[in-house]
Each structure stands twice: as structure tokens, then as C-alpha cells.
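6 protein chains.
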Amino acid sequence: MEKPTRDRTRKAAHGRAAPAKPLRARSGSRRTAPARKEAPAVPGGAAAADDTVITALELEAAPLSPAMAAYFEKCREKLGFVPNVLKAYAFDMPKLEAFVAMYNDLMLAPSGLSKLEREMIAVAVSSHNRCYYCLVAHGAAVRQLSGDPVLGELMAMNYRAAKLTRRQRAMLDFAVKLTAEPWQVEEADRERLRKAKCSDRDIWDIAAVAGFFNMTNRVASATDMRPNRVYHGQARTPATERS
Amino acid sequence: MEKPTRDRTRKAAHGRAAPAKPLRARSGSRRTAPARKEAPAVPGGAAAADDTVITALELEAAPLSPAMAAYFEKCREKLGFVPNVLKAYAFDMPKLEAFVAMYNDLMLAPSGLSKLEREMIAVAVSSHNRCYYCLVAHGAAVRQLSGDPVLGELMAMNYRAAKLTRRQRAMLDFAVKLTAEPWQVEEADRERLRKAKCSDRDIWDIAAVAGFFNMTNRVASATDMRPNRVYHGQARTPATERS
Amino acid sequence: MEKPTRDRTRKAAHGRAAPAKPLRARSGSRRTAPARKEAPAVPGGAAAADDTVITALELEAAPLSPAMAAYFEKCREKLGFVPNVLKAYAFDMPKLEAFVAMYNDLMLAPSGLSKLEREMIAVAVSSHNRCYYCLVAHGAAVRQLSGDPVLGELMAMNYRAAKLTRRQRAMLDFAVKLTAEPWQVEEADRERLRKAKCSDRDIWDIAAVAGFFNMTNRVASATDMRPNRVYHGQARTPATERS
Amino acid sequence: MEKPTRDRTRKAAHGRAAPAKPLRARSGSRRTAPARKEAPAVPGGAAAADDTVITALELEAAPLSPAMAAYFEKCREKLGFVPNVLKAYAFDMPKLEAFVAMYNDLMLAPSGLSKLEREMIAVAVSSHNRCYYCLVAHGAAVRQLSGDPVLGELMAMNYRAAKLTRRQRAMLDFAVKLTAEPWQVEEADRERLRKAKCSDRDIWDIAAVAGFFNMTNRVASATDMRPNRVYHGQARTPATERS
Amino acid sequence: MEKPTRDRTRKAAHGRAAPAKPLRARSGSRRTAPARKEAPAVPGGAAAADDTVITALELEAAPLSPAMAAYFEKCREKLGFVPNVLKAYAFDMPKLEAFVAMYNDLMLAPSGLSKLEREMIAVAVSSHNRCYYCLVAHGAAVRQLSGDPVLGELMAMNYRAAKLTRRQRAMLDFAVKLTAEPWQVEEADRERLRKAKCSDRDIWDIAAVAGFFNMTNRVASATDMRPNRVYHGQARTPATERS
Amino acid sequence: MEKPTRDRTRKAAHGRAAPAKPLRARSGSRRTAPARKEAPAVPGGAAAADDTVITALELEAAPLSPAMAAYFEKCREKLGFVPNVLKAYAFDMPKLEAFVAMYNDLMLAPSGLSKLEREMIAVAVSSHNRCYYCLVAHGAAVRQLSGDPVLGELMAMNYRAAKLTRRQRAMLDFAVKLTAEPWQVEEADRERLRKAKCSDRDIWDIAAVAGFFNMTNRVASATDMRPNRVYHGQARTPATERS
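Protein chains in written order, with this note's numbering: chain A, 1 to 243; chain B, 1 to 243; chain C, 1 to 243; chain D, 1 to 243; chain E, 1 to 243; chain F, 1 to 243.
Take the hints with a grain of salt, since some may be wrong.
The list treats identical chains as interchangeable, and a pair is accepted whether it falls inside one copy or across any two copies.
Stated by the list, open to error - As a list, the in silico EDC-like pairs of lysine to aspartate or glutamate whose alpha-carbon atoms are at most 16 Å apart:
{"id": "1", "residue 1": "Lys163", "residue 2": "Glu186"}
{"id": "2", "residue 1": "Lys195", "residue 2": "Asp173"}
{"id": "3", "residue 1": "Lys163", "residue 2": "Glu187"}
{"id": "4", "residue 1": "Lys74", "residue 2": "Glu58"}
{"id": "5", "residue 1": "Lys74", "residue 2": "Glu97"}
{"id": "6", "residue 1": "Lys197", "residue 2": "Glu58"}
{"id": "7", "residue 1": "Lys163", "residue 2": "Asp173"}
Keep in mind the hints are simulated off the structure, nothing from the lab.
Please work from the sequences and hints to get the whole structure.
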């Protein structure tokens with residue numbers, strides 16, 4: 001079973017020098033997580049070593065409940081790996097199950113917003129919050145769902161530079177205003193969405209997705225959560241050019 | 001069964017004049033919600049009329065699932081009313097159930113943070129985001145759990161003015177920085193919590209509660225969610241003076 | 001005669017632990033202020049002990065001038081207590097008298113703005129500046145003048161969530177913009193007020209009240225000024241429900 | 001007697017084109033103020049025409065009270081002109097008298113801060129708030145009191161670029177933080193002043209001056225108050241080079 | 001010769017719907033630029049159609065000066081294409097030549113900063129400014145120079161999440177502070193660089209590169225400059241995995 | 001030949017006390033620059049001593065190239081002095097030459113913007129960035145080119161308070177928005193300029209000048225660059241009053 005561990009050697013990954021302050025000593029029993037099982041399914045090579053370090057917190061993985069064991073297995077089958085955010089929550093089954101239930105309902109259940117549109121909101125919100133984990137993981141999702149590698153970059157860098165439908169632009173404007181200054185959101189903002197052909201239920205869904213990523217961006221930033229390296233190379237070729 | 005409806009007459013509640021623009025006509029089938037059942041349990045009088053208007057969105061209440069019907073009943077027994085946020089989510093049972101599961105785990109499950117401390121984080125985050133719903137509902141919770149009506153005001157107005165333990169202050173500083181500029185949260189911030197006697201698990205819990213209210217603040221602001229009026233008068237007398 | 005003193009024991013009022021750093025020693029002549037005289041007039045009990053600590057500065061109270069002695073006496077008669085801000089200024093009679101003269105002119109003299117509207121501006125400005133003293137003291141004034149305990153909370157939490165007349169909303173928008181980014185206030189902002197039926201004299205009064213609380217918010221924050229505890233419980237019951 | 005009037009021709013003073021929108025018609029009784037009396041005392045020529053337009057508000061000047069008439073006369077004798085801010089307040093004697101009393105106490109009464117230091121705080125605060133009136137009028141005061149025309153520019157442009165004593169720097173840092181984010185001012189900030197040799201009374205005075213200019217900056221911005229043109233040329237030569 | 005043109009059909013590239021307002025008619029003489037010459041050298045296919053639309057401004061390309069013609073030819077040889085920023089400046093030879101001279105000196109001339117470090121500064125600054133053009137073009141440069149596709153993403157998303165040497169971190173902190181609030185940069189900031197082993201000349205170079213991208217970010221944003229599509233796919237595979 | 005040096009005695013120029021921390025020792029070879037040659041041409045006296053200290057960085061002046069020697073000579077003839085920014089860049093001829101080429105093209109070459117308008121943009125941008133060097137040097141340029149000493153102050157203090165043509169106001173609004181939040185600049189902003197009679201080439205020029213000062217403001221702030229003292233007294237008398 002996966003165990004989120006924390007190999008402090010990661011700290012020097014991109015640097016020439018050691019960190020300025022020695023990290024406080026901890027018990028030596030941590031080993032790098034056996035990420036091997038996921039690796040074979042990842043096109044392009046083994047999971048990188050630092051996929052075994054998921055957060056800056058030392059939290060013992062709990063035994064997976066049967067439902068979560070099945071869910072992790074399904075991730076491995078469909079994605080080739082278990083997203084690190086799930087491993088990060090796996091120290092406590094009720095927390096993991098609540099997160100998975102809310103995530104799957106928001107991002108996958110029927111909605112007036114397409115799955116791509118929900119991922120676009122996720123990335124535009126995460127860009128405002130400069131959340132490394134969510135930008136990497138959901139940027140890849142935008143590239144995959146759209147078949148357009150440029151669209152993923154636009155959402156991550158500045159959604160205002162993208163050429164979008166009026167409805168999509170209104171969605172993202174609402175989601176980002178709600179992220180930046182929620183206290184300023186008023187009836188006029190909702191009316192703007194309604195004029196762009198959003199139903200009241202669509203407004204709820206935009207708010208709920210934007211709200212959810214305002215939560216996960218903060219959990220990820222607070223814990224220095226690291227995305228699986230495999231995301232970086234995913235869907236970098238336009239769908240039209242893939243063979 | 002309660003049905004969240006939207007009585008546009010609310011718009012003139014605190015005003016002398018009519019709203020500037022007429023609201024667009026909608027189907028006439030809306031009725032004011034029969035809030036009578038809650039009323040008797042509320043000390044001081046019937047639930048105010050505008051407790052029947054919960055959000056600015058028109059969403060039909062769905063039939064409550066058995067689990068949620070039982071949960072609403074439990075709210076009525078213990079609180080004397082069903083918090084409006086639950087009614088707002090009640091247009092869709094999977095959403096309501098996911099929300100309730102996550103909320104109860106975060107705020108009520110065992111944790112290194114007391115229930116009061118979790119509510120203090122909720123209010124300090126909501127104060128940064130100037131979220132009317134959450135300030136009213138969770139401000140009341142701080143007053144009740146602490147028996148100190150002044151502490152609730154301090155959390156809602158400026159937590160920096162409160163006299164807190166060093167550990168509580170560190171928690172709130174972390175939660176509010178995570179709210180205001182999550183991209184700036186780094187190892188030094190986590191170390192500050194560890195030095196204030198927070199375990200890594202406590203850090204997760206602080207982040208998770210702060211993250212959760214960053215979500216709900218935005219859902220509430222996006223939908224103009226209204227708190228039950230009964231909160232306003234709750235626990236305004238110091239516990240030491242209550243007979 | 002009251003003497004503003006500074007009982008450092010206040011520091012531990014809401015905390016479990018002692019402050020991190022010992023406060024530097026000071027001369028021992030400070031005594032807790034004899035707040036007894038106010039107490040009887042306060043409904044609900046004696047003035048709390050920490051009403052005797054008014055600011056974080058050690059300033060010796062000066063003898064009250066005859067005019068100020070009469071004014072303090074009038075406060076006790078009408079309010080049941082002397083507002084702490086007056087005691088804070090009482091180390092210097094010219095400063096106290098100038099403050100009282102300006103305050104009374106602005107908040108009580110004839111104006112196109114009602115007294116309630118002036119208090120609403122005071123609270124909305126203080127909310128932007130997150131000033132604990134002014135939110136507590138003037139939040140109570142809004143509750144009392146309006147007979148509406150909810151309106152006080154709305155002004156303190158987020159005035160944009162309140163249902164107001166167009167004129168009142170325009171006043172508060174102007175006052176808060178003037179608070180947040182005074183350099184952006186221009187003719188278009190004044191025209192918006194004029195269109196909402198404000199005269200040029202009303203514009204002056206809105207600006208003067210907003211400006212005044214931008215001053216007092218800062219004096220209060222700079223000195224950690226503490227409001228009288230009695231404010232917290234005032235006017236928490238709707239006027240319509242009072243017997 | 002001076003009468004603050006409002007000559008709309010000012011609007012085109014620095015422009016080639018007429019304003020975009022015609023200004024609404026008003027009663028024809030406005031006359032340009034007879035600024036002649038001040039003129040002779042102004043070195044370098046007559047008061048510029050637009051000194052007769054003081055604010056964007058139409059407020060009838062009230063008859064000066066005897067005290068205020070004497071004060072205006074004293075201004076003319078000592079300065080050669082009446083500062084426009086006084087004329088702006090002159091529509092109402094109680095307001096003018098309260099303003100003058102507070103201003104004179106703060107800026108001229110005995111204090112641990114020199115008059116120059118109080119003016120430096122005034123300008124640094126006004127620079128943060130980008131208040132044209134106060135930067136012009138008090139920038140001139142810094143140049144005059146210091147005999148150093150460069151110091152005035154430094155305060156108006158970026159006080160951080162000035163070479164100051166540690167105590168002066170601490171004063172301005174406190175005053176500007178109090179201006180920018182008063183909710184963040186805490187005991188540590190006061191301690192920093194105490195370590196820079198400020199007494200508690202000095203802290204009050206710094207706060208009171210900073211607070212006062214946070215008020216007047218806003219009244220000036222709200223009313224588009226215009227400084228007397230004579231300020232611009234004052235004290236532009238270093239004191240050491242004057243003959 | 002290349003001519004920067006502006007094919008308005010781009011506007012619908014990522015959208016389902018037409019833009020809300022029709023664009024004003026313009027002279028019909030624009031032709032799509034003959035991008036064919038670059039195309040063969042681009043791995044993975046012809047230059048995308050929208051590489052022919054470079055900015056939102058209609059500026060006629062000027063004849064290339066001999067020096068610039070040679071420089072463009074060199075770009076085609078070495079990169080396989082002419083970066084769009086050069087085409088954007090090509091309406092005026094003195095502007096193009098000044099830009100090229102400054103750019104090449106800053107990014108390629110000898111310096112205590114490696115070329116990679118200068119590109120890292122470029123991307124971190126562009127991330128603060130959310131500049132789509134510079135993030136795409138210089139993000140690719142970071143990936144290529146480092147052989148590390150993840151490092152490019154980290155710089156574009158949140159440099160604080162990267163594991164860097166203390167010196168590199170100090171460089172980026174200085175560059176981003178200088179970008180966000182240049183008025184706050186003082187001797188203490190320079191001392192921090194010196195302590196991280198930066199010479200005074202290094203400080204100049206950090207400031208000059210950060211300054212330059214603060215310029216180009218704004219020219220790109222002001223003109224809606226579009227990066228060559230070929231950048232998106234460049235160097236997405238770690239150098240260690242390339243055959 | 002001028003040599004930018006760094007006389008640390010400057011540090012006490014405006015202060016009573018010595019700097020808090022001793023500056024680290026450096027090699028003793030620095031001499032004060034022989035500023036005498038410029039001095040005679042400066043009306044009002046010799047160049048002040050602290051014109052010899054130009055930045056906080058120790059960079060050895062390089063021998064001037066023939067082109068730059070001629071350019072410096074031309075500055076002395078026409079201005080009476082060499083602007084300090086040029087001396088600051090003179091440690092490296094390619095950097096100096098690239099800076100001079102770009103500066104002269106932007107500010108002096110033919111354009112739809114007058115030289116005064118370009119200087120107004122320079123000062124409004126520098127005011128947003130609170131750049132002491134650029135405000136002093138280009139504020140003087142606005143005064144000289146306009147013959148209006150007040151206009152220079154308005155640009156430096158708050159351009160919104162100036163009475164400008166609609167076209168000039170649109171230019172400055174665009175330049176300052178591009179400075180403050182370049183990521184928000186979109187087609188609607190360009191359309192606003194076009195409606196105010198700006199051609200697409202004018203838009204480029206506004207963006208290029210605004211961009212350039214966003215660069216130089218940061219180089220100046222990063223290095224604590226000091227303007228020549230002679231600027232302060234220049235053009236303080238209205239052109240109409242000069243004999």
C-alpha cells in the first residue's frame with residue numbers, strides 16, 4: 001500500500017547548494033514510497049523519484065478502506081497512477097472519502113457546464129492563487145479534454161488572453177472575481193452570467209467549482225503538495241496532430 | 001418538507017426605496033417556505049419572514065434522502081432550526097451529502113484543535129473574505145463554544161486585536177495568510193506553527209478548515225446566501241452572567 | 001475622576017498562556033480606574049474589569065476642564081458610562097476638546113444625512129479598516145438608532161450584503177471608495193451621488209464623516225484602544241420585539 | 001469677505017479640449033472670488049485666477065465669525081494668503097472652527113515631535129494617499145521648515161529614498177503603515193518606535209498627525225480641493241543659498 | 001519578407017461563438033504572412049495559421065535593414081523561426097534595432113548570472129505580470145537551457161515552489177519584489193543579495209533583466225502579442241530521457 | 001572623465017544621526033567624482049556634492065566610447081550637466097549605448113505623441129511606481145516642455161487631478177493601468193484609445209514609453225539611483241512670468 005512519505009533530500013532537487021538551515025532531525029524509519037506499481041503504466045518511463053514525496057507534512061498513511069482501495073485501483077487502471085492529492089489525504093479515510101465524494105460530484109456529475117469548462121474554471125482559479133499542484137494536474141486535464149495544448153497554457157498563464165465564447169469568458173470572469181474579491185460579488189455579477197446563457201443551476205456549479213479549488217489550492221499550498229511528474233508531459237501534442 | 005424559495009420582496013427589507021431596476025419576471029409558482037416548524041424552538045419569537053429566502057438563485061428543493069431527512073430532523077431538535085446553508089444545498093442530494101460529510105468531519109471529528117479553535121479559524125477566514133453568511137453563523141458558534149460574546153466579535157472584526165495564546169495566534173496567522181496570499185505560504189510558515197506546538201497533523205487540520213471556509217465563503221457570496229436570523233441574538237450574554 | 005490606566009493583566013484576558021515577551025517594567029503608581037460610578041447605570045451588570053484599560057499607551061490623565069467635566073457627566077447620565085475614546089483623549093484638554101467639538105458637529109449637528117446614516121458610514125468605513133474599537137462602539141449605535149440589530153451586523157461585516165435605498169448605497173459606496181483608494185475619487189463619483197439625490201452639502205457631509213472615521217480608526221488602531229464592554233450587549237433585540 | 005466659489009472655466013485649464021460632458025446648469029449667482037486682497041502680499045505676482053476655484057462643490061460661504069475673521073486676517077499677514085482649505089470649510093463656522101482648533105493643536109502645540117517632523121508625517125501620509133492638495137501645501141511647509149527643497153520632494157515622492165535619522169524613519173514607517181493597513185498595527189510596531197526613542201506621548205502624536213491627514217486627504221480628494229498656486233514656487237532654493 | 005498582419009479570424013480560435021461586438025472594418029490589403037520559410041525547420045509540422053497574427057495593432061512592416069535581415073536569417077537558421085516579438089517591432093527599424101541590441105546584451109553577454117538564471121528571472125517576472133507571450137517564449141527557454149521541463153513550469157507557476165540554491169532564490173525574490181513594489185526596494189534588499197554571494201555587478205544585472213521584462217511584459221500585454229506556437233512543444237522531455 | 005563613485009558620507013545627508021549599522025568596509029580607492037566641469041553651466045551654483053554619488057552599487061566607470069564621449073559632451077553643452085542615469089550605465093559601454101539608443105528613439109523620434117505627452121506618461125508611470133529618480137528628472141522635463149510648473153507637480157502627485165484633454169487623459173489611464181495591472185489590459189482598453197483619436201501606432205508608442213519607464217523605474221529603485229540636484233530648481237516659474 002502506498003504511504004506518503006517525505007524524503008528531505010528532495011529539497012536539493014533543483015539547486016546547487018544545500019538549504020540554508022538544516023532540517024530538524026526526524027525518525028529514520030521513513031523510506032521512499034514504493035511507487036513501482038504505478039510506474040509501468042506511465043508512458044515514457046518510471047515514475048520519478050520525487051513522486052514519492054508528496055507533502056511537507058509527516059502523516060502516516062492509514063489502511064485504505066475497501067471503497068478507497070477500489071478507487072485507487074481504478075485510478076491506476078484508467079490513469080496509470082494515483083494522483084498525489086489522493087495519497088496526501090490517505091492518512092485518514094473519512095477525510096479521503098469526503099474529498100473524493102465532493103470532487104467526483106463537482107467535476108464529473110451531470111451539469112450545464114461541460115467537464116472541460118469545469119477544468120477551465122479549476123485552472124483559472126488556481127492561476128489566480130498560483131497553486132503549483134493544481135496548475136500542473138488540472139492544466140493537463142484541460143489539454144487532454146480539449147485536445148488543445150495551447151488552451152491549457154492560456155488558462156494557467158492568463159485566461160484573459162484566450163479566445164473564448166462569451167459564455168465561457170463570463171464563467172471565468174465570475175470565478176476569478178469570486179476568487180479575488182468574493183465580497184464584491186453581487187446581483188449584477190449573477191445577471192451578467194444569466195445574460196450569457198447561464199441558468200441559476202449553472203451559476204451554482206460555477207461557484208461550487210470555483211469554491212472547491214479555492215479550498216484545494218490552499219490545502220496544497222499549506223502542505224507543499226507535489227503533483228505527479230507524469231502530468232508534465234501529458235497531451236502536449238494537439239489532438240489534430242496525434243496519430 | 002422545507003423548500004428553499006426566494007421571495008423577492010426581501011429586496012426592500014432594509015430600504016426605503018424600491019430597487020433601481022425591476023427584477024425580471026419569473027414563474028409564479030414560488031411560495032414562501034413554511035418555516036413554521038422551526039419557529040417554536042427559537043427563543044424570542046417566530047423565525048423572521050426572510051429566513052424563507054435563502055439565496056439569490058432559483059433552485060427547486062429536491063426530496064430529502066432518508067439520511068438527510070434524519071439529519072435535518074436532528075438539526076431541528078438540537079438547534080431549533082435547520083441552518084440555511086443546508087437548505088441551500090438541498091436542491092441536490094449528492095451535493096448536500098458531500099457537503100455535510102466534509103463539514104462534520106472537519107468541524108466535529110477528533111483533532112488536535114478544539115472545536116472552538118476550529119470555529120475561530122472559520123470566523124477569522126470569513127472576516128478576511130467579508131462573508132456575511134459565515135460571519136453570522138460561525139460568529140454565533142464562537143460565542144456559544146467560548147461563552148464569551150466578545151471573542152466572537154473580535155474574530156469577526158479583527159482577530160489581531162484579541163488576546164490569544166501564542167498557539168492560537170499562530171494558527172490564525174497561518175489561516176489568514178493562507179487565505180490572503182496562499183502562494184506565499186512556505187516551509188517557514190509551517191515551522192512557525194511547529195514552534196507554537198502544532199503537530200504536522202494540526203497543520204493539516206488548520207489548512208483544511210481554512211481551505212473549507214475559503215470554499216463556503218465563496219459559495220455563500222456567489223449566491224447571496226442569508227443566515228437564519230436566529231443566530232444574531234444567540235449567546236450575547238457572557239456565560240458567567242447567565243442564570 | 002476617571003483616569004485612563006493600563007492594567008497589563010488584560011493581556012491574558014482571552015488567552016491560556018502568558019504573552020511571549022515580558023512587558024517592560026513601569027512605575028508602580030498606576031491603579032485600576034474606579035469605574036464604579038458608571039456601573040450602576042449599565043443594564044446587565046457592573047462595567048467589566050478591562051474597561052479600566054483603554055489603550056496600550058501610558059498617558060497620565062489630565063484634570064478635566066470644567067467643560068469636559070460637564071460633558072463626561074452628561075455621558076454618564078445619558079449613556080450610563082463615558083465612552084473610552086474620551087478617556088483616551090483625556091490626557092490633554094485641548095486635544096479632548098477639539099475631538100469632542102468635531103465629533104459632535106459631524107455626528108449630531110443638522111445635516112441632510114440622518115444620524116443613522118452618519119453612523120452607517122462610520123461603521124462601513126471602520127469595517128474596511130477593520131477597526132475593533134469603532135466597529136464595536138458605532139455598530140451599537142447603528143443597532144440603537146435603527147432598532148434593527150441585523151443592520152448593525154451588515155454594516156460591520158459587509159455593507160454590500162444589506163438591502164438599502166439607492167441613496168444609502170451610493171453614500172456607502174462613495175465613503176468606502178474614499179477610504180480604500182481616495183486618489184481615484186473624481187467628478188464621476190460626485191455625479192453618482194448627485195443622481196442619487198445628494199446635494200453638494202450632503203457630499204461634503206459624507207466625505208467629512210468618512211474622513212473623520214479614517215482618522216479615528218487609525219488613532220484607535222495605533223493605540224490598541226478598547227471599547228467599553230457594555231456596547232456588546234446593547235440593542236441586540238429588534239425594536240419591534242422589545243417590550 | 002472671501003467666498004469660495006466655483007468657476008467652471010477652470011475645467012479646461014490644462015487641456016486642449018472641452019470636457020466630455022457639459023456640466024449641469026446652475027444658478028447664475030456665482031461670482032469669482034475677489035482674491036485681490038491676498039494678491040499684493042504674494043511674492044511673484046497676483047494670485048492666479050484659479051485660486052478662486054477651491055472645490056468641486058457649490059457651497060455658499062457663511063459670514064466669518066469674529067474669531068475666524070481674525071484668524072483669516074492673521075493668515076494674510078503671516079502667509080500673504082488664506083489657505084484654500086480654510087476657505088473650503090468656511091461655508092459653516094462650527095466646522096471651520098473645529099478644523100482650525102484641531103489643526104493648530106496637532107501641528108503647532110508643544111510636542112516631542114518638531115514642527116518639521118509633523119509636516120514630514122503629513123507629506124508621507126499624503127503621498128501614500130496621492131492627495132494633490134496636501135502634497136502641494138505641506139510639501140511647501142517641509143521645504144520652508146527644513147530649508148531643504150530636496151527633502152520636500154523626497155517626502156512627496158518616496159520617503160524611503162530619504163536619508164533620515166533612525167527615529168524619523170521609524171516615525172514615517174509607523175505613520176505610513178497606519179495609513180496603508182491600520183488593521184496590522186500592533187504592539188510590535190509601538191515597540192519599534194519606543195526603541196527609536198519615542199515616548200508613549202510621541203506615539204500618540206505620530207498617530208494623531210497621521211490620522212488627521214488621513215482625514216484631510218479624503219476631504220480634499222472627495223471635493224477636488226485645489227491648493228493656492230503660490231505654494232508651488234515657495235522655498236525652492238536651499239536655505240544655504242538664499243541671500 | 002515577413003509582415004506582421006492581423007487575421008481577425010483568430011478571434012474565434014478557441015471559441016464556439018462569435019465575439020460580442022463586430023470589429024470595425026479595416027482596409028482589405030492585409031494578407032496572411034507567408035510563414036512557409038520557417039515551417040520546414042519546425043519539428044512536428046508547419047507553423048500554425050495563427051502565427052501569422054502577431055499583435056492586435058495594425059502596423060505595416062517596414063523593409064528590414066541589412067543588419068536586421070541578417071539577424072532574422074540567423075534566427076531561422078538557429079531556431080527554425082523568427083520570434084514573433086521581433087516581427088512585432090519590425091514596423092520600424094530603429095525600434096527593432098534598439099530592442100535587439102538591448103535584449104542580446106542583457107540575455108547573452110557575459111555576466112555573473114548564467115543564461116539559465118537570466119531566463120529564470122525573465123519567467124518569474126513574467127509570471128507576476130501574467131504575461132502570456134513572455135511566459136510561453138521564455139518558459140521554453142528555461143526548459144531548454146536546464147534540460148528540466150519541470151523547472152520551466154515552476155518558474156511560470158510559482159517560483160517559490162521550486163527547490164533552488166539560496167543564491168537563485170535570493171535573485172528571484174529580489175526580481176519579483178522589484179516587480180511588485182519597486183518603491184520598497186532598499187539597502188537591506190541589496191544586502192540580502194550580497195550575503196547570497198552576488199556582487200554589485202550581479203545586482204545590476206538582476207535589476208536590468210527584471211526591469212527589461214517589466215518593459216516587454218507591458219508592450220506584449222498592451223498589444224496582445226502572440227507567441228509562435230512552436231514554443232509550446234519545445235523541450236517537454238527531460239534532457240536525461242532524450243535519445 | 002566622470003566616474004560614478006559612491007561616497008558613503010551621503011548617508012547622513014538629511015539625518016541627525018549616523019546610520020544604524022556601519023557599512024561594510026571597502027577598498028579605499030574611491031574618489032569623489034570631479035563634477036566641476038558641469039558646474040559652471042548650472043544656474044544657481046556649483047553641482048552639489050552628492051551629485052557625485054549616483055547609485056548604491058560600486059561599479060567602476062569604463063572608458064567612454066567615442067560615440068558616448070561625444071554624447072556626454074553634447075549633454076554638457078545643451079543641459080549643462082550629464083544626467084546621472086547615463087553615468088550610472090557608464091560602467092559598460094554596450095549597456096550605455098543600448099540604453100541611449102532606446103531612450104532617444106522613444107522620447108525624441110517622430111511620433112503621434114508630442115514630446116511633452118511622452119514626458120507626461122513617463123512621470124505618471126513613475127508616480128505609480130514611486131520612483132524618486134524618474135520623478136525628479138522627468139518632472140523637470142514636464143515643467144520645461146509645458147512652461148507650466150503646476151503640470152509637472154500634477155503628473156508627479158496624481159495625474160487624475162489634472163485638467164487634461166480627453167485624449168491625454170485616455171493615454172495616461174492606459175499607461176497607468178498597464179503599469180498597475182498589465183494582465184488586465186485588453187481590446188476594450190485599446191478601443192478606448194482609438195475612440196480618443198489615437199492611431200494604432202500611437203497605441204504602440206504609449207505602450208513603449210510606459211514600458212520603458214517601468215524598466216527604468218526598477219533599475220533606479222534597485223540601485224538607489226540619485227538624480228542630479230540641479231533638476232529640483234528647474235522651470236519652477238511659469239513660462240508666462242519669465243522675463
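Verification of the hints:
no.	hint	result
1	Lys163 with Glu186	between (26 Å within a copy, 12 Å between copies)
2	Lys195 with Asp173	within (14 Å within a copy, 25 Å between copies)
3	Lys163 with Glu187	between (26 Å within a copy, 12 Å between copies)
4	Lys74 with Glu58	neither (26 Å within a copy, 37 Å between copies)
5	Lys74 with Glu97	within (15 Å within a copy, 23 Å between copies)
6	Lys197 with Glu58	between (47 Å within a copy, 15 Å between copies)
7	Lys163 with Asp173	within (13 Å within a copy, 25 Å between copies)
Taken one by one, the earlier hints fail for this structure only at number 4.
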